[in-house]
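My request is simple: use the sequences and hints to build the entire structure.
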Amino acid sequence: MTVARRKFNPTLHPRDKNGRFTRSGTRDLKKGDRTAAAAVMAGFKPKRGVAGAKAAGYLSGISGSSGPGQTSAVQRYLNEGGFVDVHQALRAGKGADNPDVAELDAAMIELPDDLLVSRRVPLAMFGDATPDQLVGMKVRDAAYSPVSLSTVPGKADDVRLRIAVPKGTPAIVAPDSGELVLDRDLEMAVTSVEKNTVGGWDMHLVVLPKDGARDGSGGRSPAGGERSDQTPEAEPPAADAMPEASPAPSGDDTDAALRAELMRLRVPELQRRARERGLKPGRARKSQLVDMIVADERGDDSGDTTPAPEAPAPAAPSRTTGPLVGDAARDAAPVSIARGRARGGLTRAERQALVDYRGSLYLSANGVLRQGAGQVPDSPEYRTLARRIEGTDAAIAKSPLTADVEVARGVKTGRAVFGDAWDGDLTGAEWVEHAYVSTSTSEKTAGQFADFGARGGAKMRIRVPAGTPGVELSGGGIGASSESEILLRRGLTMRVVSDSGPGENRELVVEVVPDGGADTVGRRRGAAGVGGSRGPGGAGQDDDGLPGGANPAAAGGDGDADTAGVTADEPTTAATAPAGGAVTGARSATPPTPNTWGQATGGNDPIHFHDDGEIGTAIKAMGDDALMDIDGEPLADILGRLATDAVLGRGTSQQTLDGIKAVRDRLPDGSQARRQLDLAIDRLDAPDSPAPELPDGTPDALRQLAADLHAVPLVRREPGPEEDALADLATQVAAGRLSGRRLADAIRRLRNRRHESVEGKFEIDRAVDRAVAALTAR
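Take the sequence shown: its position 294, counted from the start at 1, is 294 in UniProt numbering, and no numbers get skipped.
Hints are computed from structural coordinates only; laboratory data are not their basis.
Keep in mind that the hints are not guaranteed to be accurate.
Stated by the list, open to error - Calculated lysine to any residue pairs in the SDA-like style (CA-CA distance at most 20 Å, straight line):
# : residue 1 : residue 2
1 : 280       : 48
2 : 280       : 294
3 : 54        : 133
4 : 54        : 294
5 : 30        : 133
Everything numeric in this text was worked out from a predicted model, so none of it was measured.
So, in structure tokens, the structure goes:
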């Protein structure tokens, strides 16, 4: 027989430690396999509340009755090292020689639920192949597969398998150990592989339906031979005897380890893992996603923290029933860019202004409005911002609320909002909010954000009279429907009606005072000192202390921050790290400065950045090392200022990255802080390279934009969203298919394509704004 030769692929032909092939198999997924895997995942709904301490109870409930021979065989396999002989026999095609194989086969039940399980295997079992070479392949182990309902801990130089097991898969149930033993001869599709944060690999697999499931054979090969569908040219993959799955130990230490591991992941990966577990991530923040997954891992049915919809209020309550709440309150806003109401009543500019506000406008606009007591400076660098504010004003003015409503918002750091007055009773405090006021009709959403500040936060219930202009921004796009956001006009007069007092779970009842106008001069009456002095990280509001545009409730801190002068040509200062020698690792005597993210900024807050990015994640993951003394300051402050400089335009992203490298080089070898910064730098860095060439006829504004974008490490790492899109636009311009206003609009749409937590996002947006300003000024 002539055998066609082809390039050797080690993933198709791994061997055991003695160099022998085994009866397992690895081969490329065929079209039918891919279809089967997709069908499994399309209907995959993993059983929840079965991990951790709840595993034994769940397994007891689904276990069947076993005869004495089956019980003894399972006992030997799990607890007496019997799996070694069994696996060797099966992989050598000699299962018939081991009497336990028949007993183990008979002990199988068909799983009544979809399950997500895990196990860990040595990297050495993959031979010369790396795990990522198996993506898109089908693997089959001739032996059984012990797995855990919990997520086994990752380990350096090991491969952690995360296996989606559909309902009906044969398995042995072991309640005492919290394990399952999946049937032999299972075929699995490898869907993805990635390096994990502990130096190992994570491999995601889907169990494919067995060919013999319908005829009663279970799809197994005879205990002493090959499956009938085994192709002769691929007799592999080898593996030494696979270890039992090691369930993650229960307790706070395990939660902390899993939480630290998850915090190193980006939001899209966390969302994927949540959906993989049958959870609904929605628009949850990174910390909420981590809480959700950790709770699910404990077997906590309440792990899904996706905000539940508010119970609808009566459709048309009488005035005596009080203000509308929940969905009824949102319905009181005639204009909604979320649900399309009154879309025809808004001009294109007005609607775009609301979309921009929901994305990145809110913080830049509100910071300028507070600083100028409602006025935008009359200078060229603020003209673009002024036009966007005018569009927002016009849109909101077209939507007076049709009834009294009660909305909510969360305040993350009360002292940054109210100054020294935060320590006392705020009842009677009154001020003019020169900025826009973002609120939520969901108290749960506002409360979740307020909880992030622990004792320093508060929840506000705001009573808004009918006729007050307000639009609904929730749902779709960047604003999530679960946030139930109503945006109120700027210039409102606000008054604290009651205050539960300092401490945890603080709640303020606030009312909008009728007849307050956008031109009202800021003032304060009642409680002394509201917003007066500026403490560390304070808002510095002087007489208008409450930052209505901080988006605490509706945006949950997830709206995009920006600088006040969005068309400024260059950063005002360079991001720098303190120069000096190596540090000792001693704890700093200076307390860390609060991060005012989610609060207003006038462009001069010392620490103001989204801490779900790589820098914030590193700070949180380094534990007490974040307080390490660097030239008289805690390390967290040094890193926080570097991150803030890039957010507010006081430095470039490259300068920030260089500063982090300089700090890293001063830290003690082997310290947690140094390890975490190494990881952050590895994910942030990108090699320098020439900017892409643009065709002849490209406007100077686009060429400058290309150079500005390429200077951002984020763009050099991931050029698709902006750089590749810009190259396509330049080609259309050169061909005469795009010019004028359409070109400016197309360039403007390059803004806001990154999440606000991603380092470099705001530098990209500022570069786009400069290009748009140059194009529209021609």
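Verification of the supplied hints:
Only pairs whose Cα atoms come within 20 Å are accepted, and residue 280 paired with residue 48 is accepted, the gap being roughly 12 Å. Taking the CA atoms of residue 280 and residue 294, the gap is near 14 Å; set against the 20 Å cutoff, the hint holds. Of the pairs offered as hints, the one joining residue 54 and residue 133 is violated, with about 36 Å between alpha carbons and a cut-off of 20 Å exceeded. For the hint pairing residue 54 with residue 294, the CA-to-CA distance comes to about 14 Å; that is within 20 Å, so the pair holds.
The hinted pair formed by residue 30 and residue 133 meets the criterion: a straight-line CA distance of about 16 Å does not exceed 20 Å.
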